[in-house]
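Student: Protein sequence lines correspond, in order, to chains A and B.
Residues 1 to 262, numbered by my numbering, are exactly what the first sequence covers, in order.
Residues 263 to 550, numbered by my numbering, are exactly what the second sequence covers, in order.
There's no promise every hint is true.
Calculated cross-link-like contacts (lysine-lysine; reagent style BS3-like; alpha-carbon spacing at most 30 Å) [said to hold, decoys possible]: (1) LYS538(B) with LYS481(B); (2) LYS494(B) with LYS538(B); (3) LYS2(A) with LYS494(B); (4) LYS481(B) with LYS411(B); (5) LYS411(B) with LYS144(A); (6) LYS521(B) with LYS341(B); (7) LYS92(A) with LYS411(B).
No lab work stands behind these hints, which were simulated from the structure alone.
Predicted, not measured: the structure shown is a model, and the values here were computed from it.
So the chains spell out like this:
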Amino acid sequence: MKALVIVGHGSHLNEDSSLPVYEHAARIRERFGGEYDEVVECFWKEEPAMRHVLDTVEAEDVCVVPAFISEGYFTQQVIPRELGLAGPVTYKDGKAIRYAGPLGTFEGMADVILERADDLLRDKEVKPGRRALVLLGHGTDLNKSSGGVIYMNAERIKERGLYDLVEVGFLDQDPQIAEVVESVEAENVVLIPVFIAEGWHTRETIPEDLGLTGEVTRLANKTIFYGAPVGTHPSMAALIAARARETEQEIDTETQVARSTR
Amino acid sequence: MPEAPAKPSGLPDTPPNVAAASREAFAAWVDEEPQGRAFGQVLVRPVPLAGYHLCHIDDAGSVDLEIHDDPRAAREIAKLTGEGEYRPLKSSPNLRRGWALRLNGVPGLAVAMNYLYPAGIIHWYLHREGRLEITDYRENAARQSGIYKRIQRLSDEGVQDAARACCEDAVCLKKTLWNVDSGTPLEMDRGNGHIPCPEPCSIFVSFARRVRLFEREKKRDLDAAGLSPSEKEDLVALVETAASGAGKLDFAREAEFEKPLNERRLRYRRLTLIPKLHPAQAADNPNE
Chain A
1 MKALVIVGHG
11 SHLNEDSSLP
21 VYEHAARIRE
31 RFGGEYDEVV
41 ECFWKEEPAM
51 RHVLDTVEAE
61 DVCVVPAFIS
71 EGYFTQQVIP
81 RELGLAGPVT
91 YKDGKAIRYA
101 GPLGTFEGMA
111 DVILERADDL
121 LRDKEVKPGR
131 RALVLLGHGT
141 DLNKSSGGVI
151 YMNAERIKER
161 GLYDLVEVGF
171 LDQDPQIAEV
181 VESVEAENVV
191 LIPVFIAEGW
201 HTRETIPEDL
211 GLTGEVTRLA
221 NKTIFYGAPV
231 GTHPSMAALI
241 AARARETEQE
251 IDTETQVARS
261 TR
Chain B
263 MPEAPAKPSG
273 LPDTPPNVAA
283 ASREAFAAWV
293 DEEPQGRAFG
303 QVLVRPVPLA
313 GYHLCHIDDA
323 GSVDLEIHDD
333 PRAAREIAKL
343 TGEGEYRPLK
353 SSPNLRRGWA
363 LRLNGVPGLA
373 VAMNYLYPAG
383 IIHWYLHREG
393 RLEITDYREN
403 AARQSGIYKR
413 IQRLSDEGVQ
423 DAARACCEDA
433 VCLKKTLWNV
443 DSGTPLEMDR
453 GNGHIPCPEP
463 CSIFVSFARR
473 VRLFEREKKR
483 DLDAAGLSPS
493 EKEDLVALVE
503 TAASGAGKLD
513 FAREAEFEKP
523 LNERRLRYRR
533 LTLIPKLHPA
543 QAADNPNE
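Please work from the sequences and hints to get the whole structure.
Tutor: So this is what it looks like as structure tokens:
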């Protein structure tokens with residue numbers, strides 16, 4: 001049997017934090033049900049805890065996908081520790097557990113961001129002029145990967161030439177998002193938070209800091225279109241499934257290479 | 263269902279599958295009792311030839327229940343209290359009423375139970391089999407990092423008070439099986455329920471962090487009357503709230519431990535502040 005375990009951060013206070021993980025798990029059961037006998041959710045701050053989730057899984061072949069944007073404290077330290085993982089593949093309690101990388105670095109992420117932007121602009125009046133896409137990351141001065149993944153996606157999107165400008169701004173590192181949005185030279189600014197879930201930042205601090213009034217804020221010199229976080233987009237389910245598939249193939253290939261060079 | 267993949271190389275002999283065994287054992291335990299079994303606040307009743315009927319224990323006789331056939335509906339049922347508050351801890355005794363789940367088989371029963379009491383039937387089974395691995399507080403604290411690393415410094419007394427405030431049946435229906443460490447048992451009412459608690463949970467870790475902050479503060483910041491700043495903050499908040507009218511009592515959310523009017527935080531104050539304010543009364547009621 002085969003299982004997919006999706007790991008979310010979860011929250012003690014915000015009921016919406018875990019929602020994307022549950023929704024994507026439901027979509028995967030529905031659309032990719034043939035690939036997995038079980039699709040299971042677990043969390044750092046909610047139940048089932050990572051610590052206990054593997055006991056609830058019947059399958060012996062398990063792939064763990066972290067519903068996190070960037071490589072960092074959670075993906076490198078907390079998740080492996082709590083799940084008892086020893087590396088890309090761990091054998092324990094009769095299970096083979098493969099551990100996938102975070103979602104933000106996966107090449108399909110740029111497509112989901114663009115889909116989110118398209119959904120946002122659909123049925124809305126976009127005035128003539130330049131269009132800028134601004135990716136908003138949390139960022140932290142403590143870890144370069146956090147911001148790096150946002151730049152990586154911006155580069156991938158730039159290469160496609162769909163927007164006149166593609167910029168990056170952050171909450172907790174430079175360049176600060178408010179300055180980026182203010183200085184970007186475009187009449188239409190599409191702002192997409194590269195976050196996993198809705199929460200305090202996406203609902204309160206960001207709109208407040210940027211003076212946004214909703215999905216569309218018309219200022220004197222530009223219009224700002226503010227999207228929902230990319231992590232709640234339905235296409236993230238396919239991205240999670242693809243991430244798992246890629247991990248299985250990669251590890252199989254590595255195992256074969258290791259065997260053939262023995 | 264796809265064909266099972268070949269067993270990965272290097273896999274040791276597969277031990278009995280805990281998930282499958284616990285599911286079957288739980289169903290058999292329920293089947294033995296036609297009146298149903300209480301598990302947490304859920305009454306699980308076997309329905310011959312139909313499967314299982316689940317509802318809130320206090321709704322056992324009700325006919326006017328919202329019926330669900332999808333076991334995954336249990337997730338929504340378990341999410342909010344009857345008052346619409348988020349439930350970060352599913353074993354809190356605040357499961358809402360008014361619903362019933364009609365499940366037609368053992369796998370659906372396990373899915374529903376795992377949303378109502380995540381990992382509950384697994385731990386119930388392992389405990390019954392004598393195989394549940396217990397992780398004591400000190401061992402759990404030792405692996406914490408980041409903002410939770412400081413719980414390593416919580417005193418034994420702090421762990422005891424935190425457990426009484428955070429884990430007794432009034433606030434969590436699990437039976438607390440872990441201890442401070444192997445030589446220091448928890449001195450508390452561990453609870454009477456069927457759901458074992460093998461390790462401090464993330465709510466407890468967060469609460470322990472807050473209690474550790476209280477402990478630090480005590481040593482440095484006591485006033486002439488022996489009260490700490492946070493104790494005074496809580497007393498002020500209580501007085502202000504009560505004085506603004508009984509109808510307006512507005513408590514903090516279940517896991518909002520940084521707010522004065524949090525139930526677990528006030529349970530902790532009952533253990534640690536009341537003896538300070540009223541030494542004679544505390545001596546009369548050593549268990550309070």
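Student: Each of the hints needs a verdict: does it hold here or not?
Tutor: Tested hints:
Simply put, LYS538(B) and LYS481(B) have alpha-carbon atoms about 15 Å apart, close enough for the 30 Å limit, and the pair holds. Distance hint between LYS494(B) and LYS538(B) is fulfilled; the C-alpha atoms sit about 12 Å from each other, no more than 30 Å. A hinted pair counts as satisfied when its Cα atoms are at most 30 Å apart, and LYS2(A) with LYS494(B) does not qualify at roughly 55 Å. Taking the CA atoms of LYS481(B) and LYS411(B), the gap is about 20 Å. The hint holds against a cut of 30 Å.
Note on LYS411(B) and LYS144(A): the hinted pairing holds, with a Cα-Cα distance of about 23 Å set against a maximum of 30 Å. Taking the CA atoms of LYS521(B) and LYS341(B), the gap is about 22 Å. The hint holds against a cut of 30 Å. Distance hint between LYS92(A) and LYS411(B) is fulfilled; the C-alpha atoms sit about 27 Å from each other, no more than 30 Å.
Of the numbered hints listed earlier, the single one contradicted by the structure is hint 3.
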